[in-house]
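Read top to bottom, the protein sequences are chains U and Z.
Residue numbers in the first sequence follow our numbering, run continuously in steps of one, and reach 112 at the last position.
Residue numbers in the second sequence follow our numbering, run continuously in steps of one, and reach 1115 at the last position.
Simulated from the structure, these hints should not be mistaken for laboratory data.
Any given hint could be a false lead.
These stretches of chain Z come out as covered by chain U in the derived footprint (C-beta under 8 Å, 3 or more residues) [said to hold, decoys possible]:
| # | stretch |
| --- | --- |
| 1 | 1047-1061 |
| 2 | 1104-1114 |
Derived DEER-like restraints, expressed as beta-carbon distance ranges [claimed, not checked]:
| # | chain 1 | residue 1 | chain 2 | residue 2 | range |
| --- | --- | --- | --- | --- | --- |
| 3 | U | Thr109 | Z | Phe1060 | 27 to 35 Å |
| 4 | Z | Tyr1010 | U | Asp54 | 41 to 49 Å |
| 5 | U | Gln44 | Z | Arg1030 | 19 to 27 Å |
Source: prediction; values computed, not measured.
C-beta: ideal position from N, C-alpha, C; glycine also.
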Amino acid sequence: GEDVEQSLFLSVREGDSSVINCTYTDSSSTYLYWYKQEPGAGLQLLTYIFSNMDMKQDQRLTVLLNKKDKHLSLRIADTQTGDSAIYFCAPGPCSNDYKLSFGAGTTVTVRA
Amino acid sequence: KAGVTQTPRYLIKTRGQQVTLSCSPISGHRSVSWYQQTPGQGLQFLFEYFSETQRNKGNFPGRFSGRQFSNSRSEMNVSTLELGDSALYLCASSLALSGTDYGYTFGSGTRLTVV
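The shape of chain Z in the complex, shown without the other chains (with noise of 0.2 Å):
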């Protein structure tokens, strides 16, 4: 069965343009999950998404957005892009909501490099 696939996986952008990732969970999930991993900040929470809704929020400033389709694919935005957005942008799919005994399944990442 395939896995979670994040496209693109690698990007390379200039300050202050504007990106869209795309993640395609495991068939059947229903729980989208975004995270954002930097060496100094570790893995941080971005949203998460279940029926189309967004369920949950992290605290990141508006310039991060994101939506779930009703096929449960997901994307994420950023608009006016800093160098501090420079990350690993890793997405997960579940289940459910509150987590199973399958946890949460995480794509490869896309590499987003912000110059």
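Just chain U, same shape as in the assembly (with noise of 0.2 Å):
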């Protein structure tokens, strides 16, 4: 199976740009996904990224992709407070193995 870590907590000020750090071990995935929870919710995907890019920009997020390091970044410019959440690394399933594997998310907290 797929090792997927990340960073536990971040803080982040109202406005600054918040970057979430992820590593994995397979590097066979076709999709790496970012997934939003907020409290008392299911997850909410919020990008992805297919693995032969190296970047990908939608609105103010942007998600790098390192294959070689098996690193995917996601940036979030211009935080807000509804930004405060848990944020999710999924590579996507790999070879024979059909699910997803979640890092242990990172609570992002967006303060004034």
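Each chain sits in its own coordinate frame; assemble them with the hints.
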């Protein structure tokens, strides 16, 4: 199975950029996803990157992928209070392993 | 278009009882996965169904089982409940087994409390 690691906490000032980092072990994922979970809710797909891309930008979100180092990051520009949530890195299914593997999640707290 | 619907949203059961949770995927999605989320263990994969067949199973005891119907709706069952089964159970649906650019769409979950 895939091992996914993320830092557990991130505190950021409103208006600043947030960067959430993730490392993983299996390089065969075709898609790599970022999910957001707000209190009491399920997981919401934020964005994804295809494995043959290095970067993807989607409004305030920028995903960077370094396949060689198996490193994925999510940058949130102009972080708002509504961005306070848990963010999960989830490399997509690899080889014959039909499941998403999740990191422990990074709790982002946005302070005024 | 309707999202993934999980019922019930909340459930309280007693140790030793059994429970059945339901998940209706997005129309057209044939893959349904189940995950258990707890503060200590995070998100743990339970199983995935595609076209009524279990394609993958996580490391959970046999008390955890599931099935998928011809309309792609899925149920999971937990028998002989233990206190440690208290968790948020999340269902996710996808167009394909291996994921697509649409990813996996999650439901809001069923919060199970075992007392």
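Now the hints, each set against the structure:
{"no.": "1", "hint": "1047-1061", "in the structure": "holds (count 5)"}
{"no.": "2", "hint": "1104-1114", "in the structure": "holds (count 6)"}
{"no.": "3", "hint": "U:Thr109 <-> Z:Phe1060: 27 to 35 Å", "in the structure": "holds (32 Å)"}
{"no.": "4", "hint": "Z:Tyr1010 <-> U:Asp54: 41 to 49 Å", "in the structure": "holds (43 Å)"}
{"no.": "5", "hint": "U:Gln44 <-> Z:Arg1030: 19 to 27 Å", "in the structure": "holds (22 Å)"}
Comparing the model with each earlier hint shows no violations; every hint is respected.
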